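Novice: One letter stands for each residue in the lines below.
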Amino acid sequence: MVRAEQIYKSFGHVEVLRGIDLEVAPGEVFCIVGPSGSGKSTFLRCINHLEKIDAGRLYVDGDLVGYKQRGDRLHEQRERDVCAQRRDIGMVFQRFNLFPHLSALENVMEAPIRVRKESRAVAQEQAVRLLDRVGLADRRAMYPSQLSGGQQQRVAIARALAMQPKLMLFDEPTSALDPELVGEVLDVMRGLAEEGMTMVVVTHEMGFAREVGDALVFMDEGVVVEAGKPREVLSNPRHRRTQAFLSKVL
Amino acid sequence: MATAVIAVLTAMFANMVMTNKVFNWSFMLDNMFNAPVLEGVRTTLLMTIEAMILGVGIGIVLAVMRLSPNPIVNGAAWLYVWFFRAIPRYVLLTVCGGLGIFYSTYRIGVPFGSQLASLLGLSSDLSILSLNGNQIARGFVAGLLGLALSEGAYMAEIVRAGIASVDTGQQEAASALGMSRMLTMRRIVLPQAMRIIVPPTGNETIAMLKDTSLLLAIPVTNELFFQTQAIGNRTFQIVPMLMAALLWYLALSSVLMVGQFFLEKRFARGFDQRQARLKIMQVESEHGAGAM
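Chains A and B, in that order, give the protein sequences.
Numbering of the first sequence is given in the working numbering, commencing with residue 1 and proceeding in unit increments.
Numbering of the second sequence is given in the working numbering, commencing with residue 1 and proceeding in unit increments.
Read the hints as simulated data drawn from the structure, not as lab findings.
Each hint should be verified, as a subset may be incorrect.
[Stated by the list, open to error] Chain A side only, calculated, beta carbon under 7 angstroms to chain B, not exhaustive:
id, residue
1, N48
2, R86
3, M91
4, F99
5, R114
[Unchecked claim] Covered stretches of chain B (chain A as the covering partner; in silico rule of three or more C-beta atoms under 8 angstroms from a C-beta of chain A):
id, region
6, 160 to 173
7, 183 to 192
In this text the structure is predicted, and so the values were computed from the model without any measurement.
Quick reminder that beta carbons are idealized off the backbone N, C-alpha and C, glycines included.
Using the sequences plus the hints, can you model the full thing?
Specialist: In structure tokens, the structure reads:
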């Protein structure tokens with residue numbers, strides 16, 4: 001579903017990604033762990049072209065992301081094509097980024113109506129269903145500021161699902177939450193995984209990675225240090241840096 | 001002590017205003033509600049509203065242009081704001097009043113229409129609409145043009161500040177949903193920027209009301225200040241009619257200020273209420289302090 005080949009990315013003089021190679025299979029829950037500043041969030045944001053890559057190739061579902069190949073050369077895509085590509089990739093942010101001037105229901109309806117040009121009735125029916133699914137049937141009319149962090153993040157997941165994506169990206173979805181609210185968000189993600197959604201999850205929740213993840217990579221200083229089955233990497237890390245990191249977080 | 005000084009000064013001022021024959025208050029009262037003056041009030045209000053609507057429109061377009069990644073689009077907006085902020089309104093209005101001198105006819109049509117037509121051997125100049133320069137430069141339209149162009153530059157800065165106040169995460173979230181830059185601006189960013197944009201726009205409206213008196217530069221003959229001046233000059237009752245103008249502007253500005261007060265209160269209240277409700281929820285719910 002996602003294939004990355006030698007991805008490089010710098011911010012000014014700082015090299016954030018230094019040759020990332022990885023592959024995410026359809027239906028897989030792919031976890032990325034690592035210390036802060038290791039480039040894992042930047043890599044995730046490259047997958048839907050929120051960040052431009054400097055070198056390498058990134059494919060989602062067989063298509064190059066953000067570029068078009070003509071002959072040997074890569075050309076940057078027009079805005080319309082980038083938007084079209086992003087429609088199929090859902091993203092959930094660390095800080096939720098719900099639209100504060102819209103109610104929970106309107107947050108979920110906005111993109112289907114404006115981007116996919118669905119009728120209001122169809123979009124609303126779907127939004128009601130999605131909010132029901134993330135356990136917020138009784139919170140439809142509330143505005144984001146009236147919801148707890150965990151509820152906001154669940155609305156954000158519903159909002160992303162409303163575009164019926166084939167891939168979901170999660171950027172530390174529970175890091176901004178109070179500890180007692182983490183569980184409700186992870187439960188929704190677990191349900192999503194069971195239904196076969198392809199998910200790339202940047203997380204510090206090692207328990208979730210071990211239990212739900214199908215594959216896991218440990219990133220540090222812009223490179224993939226270690227990759228494998230979550231259970232193996234987390235229980236028997238081979239690399240020294242992985243061992244050092246895990247001894248601190250587990 | 002201070003109170004006493006103020007009381008004495010107020011009494012002296014009142015005495016001067018009441019006894020000095022120059023003020024001729026009865027003449028003022030007789031004339032400040034006659035038809036030409038009321039027509040002037042109407043024109044002034046219309047001009048204020050129309051110039052503000054156009055100015056806000058121009059301002060929004062310029063502010064969005066300023067944020068464009070395209071350096072030419074961005075640079076054009078910068079140039080506009082620089083130009084119209086750097087020239088005094090009175091001078092700009094005088095120039096607008098003189099538009100009939102630059103060209104006698106203004107044509108709206110295909111760019112370089114007459115050159116293109118001669119190239120193709122056509123007799124037409126490919127213009128769709130042809131306007132007499134001296135006609136449009138006279139009065140209301142010229143004044144509206146000048147005030148709106150100038151206001152657009154100030155509104156651009158206000159709108160830009162409003163847009164900048166919206167968290168960048170909002171744009172990212174909209175982009176991730178496949179929304180285009182323009183759609184994101186219209187549906188997500190601008191509605192949130194409004195809270196920052198509305199209060200200074202109220203100030204601009206009040207300033208605009210007062211600046212309609214500058215239309216004397218064109219001149220716009222049915223505007224309030226022109227009318228009161230004209231009556232004053234004709235009857236040699238200059239001071240009473242100046243006082244009439246002063247009181248009218250005072251009254252109209254005050255009405256706008258009251259409107260602005262309630263508008264701002266409404267916006268602030270919406271925000272406070274939500275915060276308050278959130279606090280109540282936090283206290284009530286088992287979860288305690290849910291992250292904002």
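Novice: If a hint holds in the structure, say so; if it does not, say that too.
Specialist: Structure-based check of all given hints:
Among the interface hints, the one on A:N48 holds; its C-beta lies about 6 angstroms from the nearest C-beta in chain B, closer than the 7 angstroms criterion. For A:R86, the suggested interface contact is upheld, since its CB lies about 4 angstroms from the closest CB of chain B, less than 7 angstroms. With 7 angstroms as the threshold, the beta carbon of A:M91 comes within range of chain B, its nearest partner Cβ sitting at about 4 angstroms, so the hint holds. Look at A:F99: its Cβ gets to within about 6 angstroms of chain B, closer than 7 angstroms, so that hint holds up.
At a threshold of 7 angstroms, the smallest CB-CB gap from A:R114 to chain B is about 6 angstroms, leaving the interface hint in force. As drawn, the region 160 to 173 of chain B meets chain A at 5 residues by the rule of a beta-carbon pair under 8 angstroms; at three or more, the given contact holds. By the rule of at least three residues with a Cβ nearer than 8 angstroms to a Cβ of chain A, the coverage given for the region 183 to 192 of chain B holds, with 5 such residues.
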